[in-house]
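Chains as they are written, first to last, in the UniProt record's numbering: chain A, 1 to 423; chain B, 1 to 423.
One or more of the hints may lead you astray.
Note that the list lumps identical chains together, so a pair holds whenever it fits in one copy or between two copies.
[What the hints assert, rightly or not] Below, a list of computed lysine to aspartate or glutamate pairs in the EDC-like style, where the Cα atoms sit at most 20 angstroms apart: (1) Lys194 <-> Glu87; (2) Lys287 <-> Asp46; (3) Lys194 <-> Glu221; (4) Lys194 <-> Glu220; (5) Lys194 <-> Glu277; (6) Lys194 <-> Asp273; (7) Lys53 <-> Glu64; (8) Lys194 <-> Glu3; (9) Lys53 <-> Asp42.
Read the hints as simulated data drawn from the structure, not as lab findings.
Protein chains: 2
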Amino acid sequence: MSEQDREREEFLRVARTARDAAAGLAPLPRAAKDAALHAIADALVDGAARIVKANETDVARARENGTPEYMIDRLSLSAERIAAIAEAVREVAALPDPVGETVRGNVLPNGLELRQVRVPLGVVGIIYEGRPNVTVDAAALCLKSGNVAMLRGSSSAYESNSVLVTVMQEALRGTDVPADAVQLVPGTSRDSVKHLMRARGLVDVLIPRGGASLINSVVEESTVPVIETGVGNCSVYVDAAADLDTALDILVNSKTQRPSVCNAAETFLVHADVADEFVPRALAALKEKGVTVHGDERIRSFDGDVVEATEDDWYAEYLSLDIAARVVGSLDDAVAHIRRYGSGHTEAIVTTSQSAARRFTALVDSAAVMVNASTRFTDGGEFGFGAEIGISTQKLHARGPMGLPELTSTKYVVTGDGHLRGA
Amino acid sequence: MSEQDREREEFLRVARTARDAAAGLAPLPRAAKDAALHAIADALVDGAARIVKANETDVARARENGTPEYMIDRLSLSAERIAAIAEAVREVAALPDPVGETVRGNVLPNGLELRQVRVPLGVVGIIYEGRPNVTVDAAALCLKSGNVAMLRGSSSAYESNSVLVTVMQEALRGTDVPADAVQLVPGTSRDSVKHLMRARGLVDVLIPRGGASLINSVVEESTVPVIETGVGNCSVYVDAAADLDTALDILVNSKTQRPSVCNAAETFLVHADVADEFVPRALAALKEKGVTVHGDERIRSFDGDVVEATEDDWYAEYLSLDIAARVVGSLDDAVAHIRRYGSGHTEAIVTTSQSAARRFTALVDSAAVMVNASTRFTDGGEFGFGAEIGISTQKLHARGPMGLPELTSTKYVVTGDGHLRGA
Chain A
1 MSEQDREREE FLRVARTARD AAAGLAPLPR AAKDAALHAI ADALVDGAAR IVKANETDVA
61 RARENGTPEY MIDRLSLSAE RIAAIAEAVR EVAALPDPVG ETVRGNVLPN GLELRQVRVP
121 LGVVGIIYEG RPNVTVDAAA LCLKSGNVAM LRGSSSAYES NSVLVTVMQE ALRGTDVPAD
181 AVQLVPGTSR DSVKHLMRAR GLVDVLIPRG GASLINSVVE ESTVPVIETG VGNCSVYVDA
241 AADLDTALDI LVNSKTQRPS VCNAAETFLV HADVADEFVP RALAALKEKG VTVHGDERIR
301 SFDGDVVEAT EDDWYAEYLS LDIAARVVGS LDDAVAHIRR YGSGHTEAIV TTSQSAARRF
361 TALVDSAAVM VNASTRFTDG GEFGFGAEIG ISTQKLHARG PMGLPELTST KYVVTGDGHL
421 RGA
Chain B
1 MSEQDREREE FLRVARTARD AAAGLAPLPR AAKDAALHAI ADALVDGAAR IVKANETDVA
61 RARENGTPEY MIDRLSLSAE RIAAIAEAVR EVAALPDPVG ETVRGNVLPN GLELRQVRVP
121 LGVVGIIYEG RPNVTVDAAA LCLKSGNVAM LRGSSSAYES NSVLVTVMQE ALRGTDVPAD
181 AVQLVPGTSR DSVKHLMRAR GLVDVLIPRG GASLINSVVE ESTVPVIETG VGNCSVYVDA
241 AADLDTALDI LVNSKTQRPS VCNAAETFLV HADVADEFVP RALAALKEKG VTVHGDERIR
301 SFDGDVVEAT EDDWYAEYLS LDIAARVVGS LDDAVAHIRR YGSGHTEAIV TTSQSAARRF
361 TALVDSAAVM VNASTRFTDG GEFGFGAEIG ISTQKLHARG PMGLPELTST KYVVTGDGHL
421 RGA
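All chains, please: the whole structure from these sequences, using the hints.
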């Protein structure tokens, strides 16, 4: 057997184990799942030294490879960070259990009782980058929602992830939850991702968490259904009827409060009627925060430091202190710009006009539309979901921040007393 | 330009037209959509002669090709059938509009108003077989839910479908709904399906309606998200605690009331404790209805006419007067059989035991689980949805009968008065 075949066999073995564990996990009541989550949290704290030691191997290799310092920081674990990760697991335990919730229910005219109830998805594959905290977060959210997690983190964190999963599995052995309910995809090769993407029938959904290129390649190659997450080219539109102080605050907050995340603004659009008054103030405020503005001709006419915007800038998810800027002739022109270049994540309008707010929210087709609020609010925590597995930018199944209910499907339970169909 | 390139260009032109139409259709209120549906219904009745003429071309070609009579029947249109199709369009107009419904809403601790509202999916691609009534049904359901339909029917019905779409587009010209809101995928080649499956970014979802091989090939090749529909290997489990008269009625109804549809039973499982009493009665009743039973050794011991069941029989979706039959040692064995061989559509238990019903509904992971009712009830009409675009057998987005709400996504509308994020 070739090395490739061997790896594929090993993947299938793990995936079938996951499938069986899913059958055992799905019907467990909340108390059993919460007890298991607390056991995991305890085991992480107890195993901190062992986890840190494995992590040091990953970190040392990353340094040898010349990995940039901000990525080393994401990769690094300490006893303190592990304690925080364990605390997050306890917070997941405290959330309500979505499984079993009756989504709708009624008695049909013929007397059949119809109930649509939430059930786990089954086996959830998660593909993510070099942040070992995601290994635990994702496993905890999946477990709470009755799903088995098949985790495929970055190869740069493989040692850390292996130990984290081992510690979690060991913790589960003393609980009612099957130890196999948390699984690491074996191997670090490119093929191991491929196996996961082709495991239709064994894996129920794939959630890639990472940059646009990772997500695109998963969508292209996967036969398992995919939930796209997290690419955000968000925009702030300053309407003709905006309160300009409010607009300035929202623009600066949306761009600079945390520029590296998907709900940070990457574009601002300003109505021509207020451009002369607003743009100079905006450019000054952004400059003060260290932001480089990539503007159209009109924006550039206000300040020689504005860089010329190219077509690529309108599409860009900078994730840095850069923003694209354009003057538009109308609200509808702003909507047309967003429709063409946006990623469907979050768009904000700043306006005092009720009719402008109504039209913008009706016409903009994004996961979240903000009226007089920062784009940074699109977040499971801010929305009160208690936890978030990602922010979906697709329209099927889940859109926007995904909490525990978004990790479930439903089934219909129909109860009769010998009902037969006539026609 | 090669013929292939030309066809691809033509497809992209139509798809972009559909995308633009979707932007115009999405914000329209119910009254505009209902008026358009009534205009379509009127136009179908008025255009019946023209539609029947085009249909005659398809039917004549199908006869030349030696198409079986039951398929010719599905393909054929008459003035009477067209009137019934038009009536179904009026019934869709009478259904509530799912778009704009607030799915959840609350005020966050910081005063932000959060609303999750239903919005159309956008452009919905439908791939289906030689039933021209689906052309109109699917277009009407999409239009009512604010979606543009991109229709790709069987090439055998291309003339009929072309005229039906033309008649619908002409009808829309006198309404507020864009005429391009109903589109036929151009061409009849295999490539034209491929273009649809690769139109990610232009088409929001694909719904294949047809046999397992069509659905599998779409899932394999599509980069557009797919909703799988309609493959049903449904089973009836007769529990040790079943009322056997009820069990007999449900088994016969599930199998024979309409054998050609996806919610007909294809397997029956009977608990060993009642096999001696139940199986002979079941075999006699099924024989009387002309059903061929494919049984395991125990079932065959009751009647020499029972055919030996192979592994393939347990997986089979016969859609005919055939059924696979097996004696199981326990309810859990029945569940294990279903988990291994079922298609996740509908399973029924017949039992008088509350605990057996509770365990079966908890453990069986199918779109619908019936207790003391025929599998034939899994149907959008029976469930009171008023209409059905298909029955989803996948877990993502929609599961079970899909009505109008299942043709929508949601977006979050968040309203503040200058809210900024602090941390």
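So, going through the hints one by one against the coordinates:
no.	hint	in the structure
1	Lys194 <-> Glu87	neither (33 angstroms within a copy, 49 angstroms between copies)
2	Lys287 <-> Asp46	neither (48 angstroms within a copy, 66 angstroms between copies)
3	Lys194 <-> Glu221	both (8 angstroms within a copy, 15 angstroms between copies)
4	Lys194 <-> Glu220	both (11 angstroms within a copy, 14 angstroms between copies)
5	Lys194 <-> Glu277	neither (53 angstroms within a copy, 51 angstroms between copies)
6	Lys194 <-> Asp273	neither (52 angstroms within a copy, 47 angstroms between copies)
7	Lys53 <-> Glu64	within (17 angstroms within a copy, 75 angstroms between copies)
8	Lys194 <-> Glu3	within (15 angstroms within a copy, 34 angstroms between copies)
9	Lys53 <-> Asp42	within (18 angstroms within a copy, 75 angstroms between copies)
Of the numbered hints given earlier, the model fails hints 1, 2, 5, 6; all others are met.
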